[in-house]
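In order, the protein sequence lines correspond to chains A and B. Counting from 1, one number per residue, gives the positions in the first sequence under our numbering. Counting from 369, one number per residue, gives the positions in the second sequence under our numbering.
Each hint should be verified, as a subset may be incorrect.
Covered by chain A, according to a simulated footprint, are these stretches of chain B (three or more residues, beta-carbon under 8 Å) [unchecked claim]:
#1 613-627
#2 631-642
The calculated lysine-lysine pairs, modelled on DSBU-like cross-linking and capped at a C-alpha distance of 35 Å, are [unchecked claim]:
#3 B:LYS371 <-> A:LYS330
#4 A:LYS199 <-> B:LYS371
#5 B:LYS414 <-> B:LYS544
Just so you know, the hints here were simulated from the structure itself, not pulled from any lab data. Ideal Cβ placement from N, Cα and C applies to all residues, glycine included.
Number of protein chains: 2
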Amino acid sequence: MKKFYIAKSRRLRSTPFTSRIENHGVTAYTTYNHMLLPASFGNLEKEYFHLKEHVQVWDVAAERQVQIAGKDSTKLVQLMTCRNLSKAKVGRCYYAPIIDEQGGMLNDPVALKLAEDKWWLSLADSDIGLYAKGIASGLSLQVEVSEPDVNIMAVQGPKSFKLMEKVLGKKITELKFFGFDYYTFKGNKFLIARSGWSKQGGYEVYVENRKAGQMLYDELFSAGKEFNVEPGCPNLIERIESALLSAGNDFDSGDNPYECGFDKYIDTNSDINYLGKKALIKISKEGINKKLMGVLIDMDKIEVTESVPLYENKNIVGDLRSAAYSPNLKKVVGIAMIKKEYWDKKTPIELKIGDKKSKGTICDLPIV
Amino acid sequence: MKKFYIAKSRRLRSTPFTSRIENHGVTAYTTYNHMLLPASFGNLEKEYFHLKEHVQVWDVAAERQVQIAGKDSTKLVQLMTCRNLSKAKVGRCYYAPIIDEQGGMLNDPVALKLAEDKWWLSLADSDIGLYAKGIASGLSLQVEVSEPDVNIMAVQGPKSFKLMEKVLGKKITELKFFGFDYYTFKGNKFLIARSGWSKQGGYEVYVENRKAGQMLYDELFSAGKEFNVEPGCPNLIERIESALLSAGNDFDSGDNPYECGFDKYIDTNSDINYLGKKALIKISKEGINKKLMGVLIDMDKIEVTESVPLYENKNIVGDLRSAAYSPNLKKVVGIAMIKKEYWDKKTPIELKIGDKKSKGTICDLPIV
Numbered sequence: 001m002k003k004f005y006i007a008k009s010r011r012l013r014s015t016p017f018t019s020r021i022e023n024h025g026v027t028a029y030t031t032y033n034h035m036l037l038p039a040s041f042g043n044l045e046k047e048y049f050h051l052k053e054h055v056q057v058w059d060v061a062a063e064r065q066v067q068i069a070g071k072d073s074t075k076l077v078q079l080m081t082c083r084n085l086s087k088a089k090v091g092r093c094y095y096a097p098i099i100d101e102q103g104g105m106l107n108d109p110v111a112l113k114l115a116e117d118k119w120w121l122s123l124a125d126s127d128i129g130l131y132a133k134g135i136a137s138g139l140s141l142q143v144e145v146s147e148p149d150v151n152i153m154a155v156q157g158p159k160s161f162k163l164m165e166k167v168l169g170k171k172i173t174e175l176k177f178f179g180f181d182y183y184t185f186k187g188n189k190f191l192i193a194r195s196g197w198s199k200q201g202g203y204e205v206y207v208e209n210r211k212a213g214q215m216l217y218d219e220l221f222s223a224g225k226e227f228n229v230e231p232g233c234p235n236l237i238e239r240i241e242s243a244l245l246s247a248g249n250d251f252d253s254g255d256n257p258y259e260c261g262f263d264k265y266i267d268t269n270s271d272i273n274y275l276g277k278k279a280l281i282k283i284s285k286e287g288i289n290k291k292l293m294g295v296l297i298d299m300d301k302i303e304v305t306e307s308v309p310l311y312e313n314k315n316i317v318g319d320l321r322s323a324a325y326s327p328n329l330k331k332v333v334g335i336a337m338i339k340k341e342y343w344d345k346k347t348p349i350e351l352k353i354g355d356k357k358s359k360g361t362i363c364d365l366p367i368v
Numbered sequence: 369m370k371k372f373y374i375a376k377s378r379r380l381r382s383t384p385f386t387s388r389i390e391n392h393g394v395t396a397y398t399t400y401n402h403m404l405l406p407a408s409f410g411n412l413e414k415e416y417f418h419l420k421e422h423v424q425v426w427d428v429a430a431e432r433q434v435q436i437a438g439k440d441s442t443k444l445v446q447l448m449t450c451r452n453l454s455k456a457k458v459g460r461c462y463y464a465p466i467i468d469e470q471g472g473m474l475n476d477p478v479a480l481k482l483a484e485d486k487w488w489l490s491l492a493d494s495d496i497g498l499y500a501k502g503i504a505s506g507l508s509l510q511v512e513v514s515e516p517d518v519n520i521m522a523v524q525g526p527k528s529f530k531l532m533e534k535v536l537g538k539k540i541t542e543l544k545f546f547g548f549d550y551y552t553f554k555g556n557k558f559l560i561a562r563s564g565w566s567k568q569g570g571y572e573v574y575v576e577n578r579k580a581g582q583m584l585y586d587e588l589f590s591a592g593k594e595f596n597v598e599p600g601c602p603n604l605i606e607r608i609e610s611a612l613l614s615a616g617n618d619f620d621s622g623d624n625p626y627e628c629g630f631d632k633y634i635d636t637n638s639d640i641n642y643l644g645k646k647a648l649i650k651i652s653k654e655g656i657n658k659k660l661m662g663v664l665i666d667m668d669k670i671e672v673t674e675s676v677p678l679y680e681n682k683n684i685v686g687d688l689r690s691a692a693y694s695p696n697l698k699k700v701v702g703i704a705m706i707k708k709e710y711w712d713k714k715t716p717i718e719l720k721i722g723d724k725k726s727k728g729t730i731c732d733l734p735i736v
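Take the sequences, apply the hints, and build the full model.
Have a look at this one:
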């Protein structure tokens with residue numbers, strides 16, 4: 001595959017950690033919420049094995065926050081998501097699919113309830129702040145929608161717990177999955193959640209003071225030597241195996257949350273009010289005809305840059321949306337939107353790239 | 369400056385022309401509306417001189433369209449922009465700043481009135497479709513908001529007129545600036561506007577049929593040999609000299625349209641209804657304290673990746689937002705947000721990069 005440079009500009013915003021990760025050897029970026037998101041430090045497979053064994057510090061500042069504050073904030077957050085947030089508690093994170101009136105997926109943020117009248121939506125890649133502003137203006141809601149200068153640094157991997165304990169103290173180990181609380185490092189307070197874009201365990205530090213965040217970043221590397229700490233980033237192989245979906249890659253507004261497997265985050269029965277509710281009720285009655293599943297393909301490399309059709313002879317089985325070679329499974333692993341008639345996983349599939357055909361199978365998600 | 373690769377994925381969408389521009393030697397991409405936008409073919413300065421003398425074909429499919437159709441479409445478009453569109457005519461393009469309720473700039477699309485009940489907003493880089501969906505849901509408007517598969521190919525440069533006449537016939541030369549109409553090539557109809565992201569003249573072809581668009585793309589290159597046609601892309605040097613502002617680079621939601629010099633596109637007097645009107649009336653009464661201006665700096669190269677402060681001794685004069693070395697002026701040209709006390713252009717300015725200080729001056733926009 002030919003490689004191309006990224007043309008940097010103010011519009012593709014740098015983060016407080018950009019100069020650090022560039023010193024640490026980042027080689028490739030993607031962009032995400034109009035910001036640079038590191039995509040590789042030169043060897044995806046090496047980074048994959050390291051992440052599963054040790055601990056990595058990630059610059060994921062591109063997971064921007066939409067802050068929704070004010071009297072009507074909970075009403076507005078609920079209007080955007082099909083997840084029932086009526087019993088949401090301060091100090092907890094909620095994975096909350098955001099949909100439009102047709103039930104199409106717009107984003108899948110983690111919603112943090114900061115106070116009874118203040119939320120952060122920790123975004124995937126789309127301008128949900130504009131959606132929120134539009135709804136708020138249309139309904140004359142008493143809210144303030146903004147993007148605060150919050151920059152997330154993630155600490156991921158099995159040794160993240162030991163490293164964070166060493167730097168922040170014993171108390172951090174008591175934090176439960178998808179909980180968040182405030183912790184102090186050298187006199188600076190940080191909101192830290194037990195969350196992150198890997199299944200290897202870890203934390204996300206919501207940095208509100210850039211200088212303090214940079215100090216903490218540096219401390220994690222010096223204190224982390226004994227844990228074999230390395231810089232890293234969300235790992236394509238690991239996230240596909242673990243079925244951590246990527247908005248825009250694995251789904252878009254042409255897909256509804258049922259098709260993405262988000263059934264447990266959809267409430268069509270209670271009396272909560274959200275914009276796509278009517279559409280989702282209709283879909284839940286009619287059923288769906290495609291859904292996201294895993295695939296395993298006999299190939300030793302791949303680069304997916306657009307939907308790739310999957311075939312059974314001349315019939316289209318579905319389309320492949322993300323894929324990477326797994327050095328663990330010795331196959332290409334992928335996430336694909338599969339037609340209903342193939343959900344039984346019994347049909348062998350074929351993928352054509354140029355003249356080359358490769359064989360594969362359909363499997364459940366997560367793959368590993 | 370260190371260079372980094374772009375990590376491609378389905379989320380950073382390819383265009384119908386991507387394989388062609390990659391064969392033509394594109395070297396760098398930026399991303400724009402979740403899509404690849406070519407940024408260079410290897411020599412920005414050579415491309416600059418070529419654009420000003422000959423003709424280029426550009427893949428600007430990343431200028432996505434938000435289609436707003438239905439009974440309330442004109443009402444919704446007007447709600448988003450401070451430009452008075454009450455007398456807008458079918459077949460005309462309108463540069464239309466889009467603002468939020470606080471008067472902050474969200475985008476600066478070209479709005480095309482396709483019919484009395486159908487508009488396209490040809491976007492800069494932000495998800496205005498989500499803003500439109502939010503407002504429409506909030507106000508229960510009778511509109512359908514969508515992103516049709518329209519991919520723009522631009523033909524730019526002084527020889528674009530001769531090339532387009534050769535390929536599409538004499539009638540295209542009668543199209544007036546910011547007008548659009550339909551033209552036929554080999555049985556396929558194309559919406560073509562006399563517009564584009566350079567001041568060198570030319571057209572934008574709104575491709576609705578991918579295969580037909582690729583045929584036209586190829587024809588422009590074979591018919592264009594006699595006009596010295598080359599592949600190209602919006603040129604950083606040319607667009608700064610010409611003051612073609614770039615949303616996200618030169619302004620963002622922290623700036624209002626007065627500060628961007630968009631006064632002639634702001635209507636605060638008539639009875640039209642748009643969301644930021646109250647805010648803009650207040651701003652127009654109070655006046656502004658910063659505005660976009662040009663700068664000329666004695667340097668022979670620069671890469672701006674975030675706001676760069678400009679100084680007069682220890683005082684901050686403003687911040688530089690876009691800049692490039694102009695081989696024409698033998699200086700760095702830039703667009704900067706300048707504080708009111710320096711609008712008289714008399715204060716020499718200084719820019720510090722690392723230990724190096726460079727001197728410059730403030731000037732009007734456009735620079736050339």
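Structure-based check of each hint:
1. With 4 residues having a Cβ less than 8 Å from any Cβ of chain A, the stretch 613-627 of chain B passes the three-residue criterion, so the hint holds.
2. Given as covered by chain A, the stretch 631-642 of chain B fails the check, having 0 residues with a CB less than 8 Å from a CB of that chain where 3 are the minimum.
3. Among the hinted pairs, LYS371 (chain B) with LYS330 (chain A) is consistent with the structure: their alpha-carbon atoms are about 32 Å apart, no more than 35 Å.
4. Between LYS199 (chain A) and LYS371 (chain B) the CA atoms are separated by roughly 31 Å; this keeps the pair inside 35 Å, and the hint holds.
5. Of the pairs offered as hints, the one joining LYS414 (chain B) and LYS544 (chain B) holds, with about 29 Å between alpha carbons and a cut-off of 35 Å not exceeded.
The earlier numbered hint that this structure contradicts is number 2, and it is the only one.
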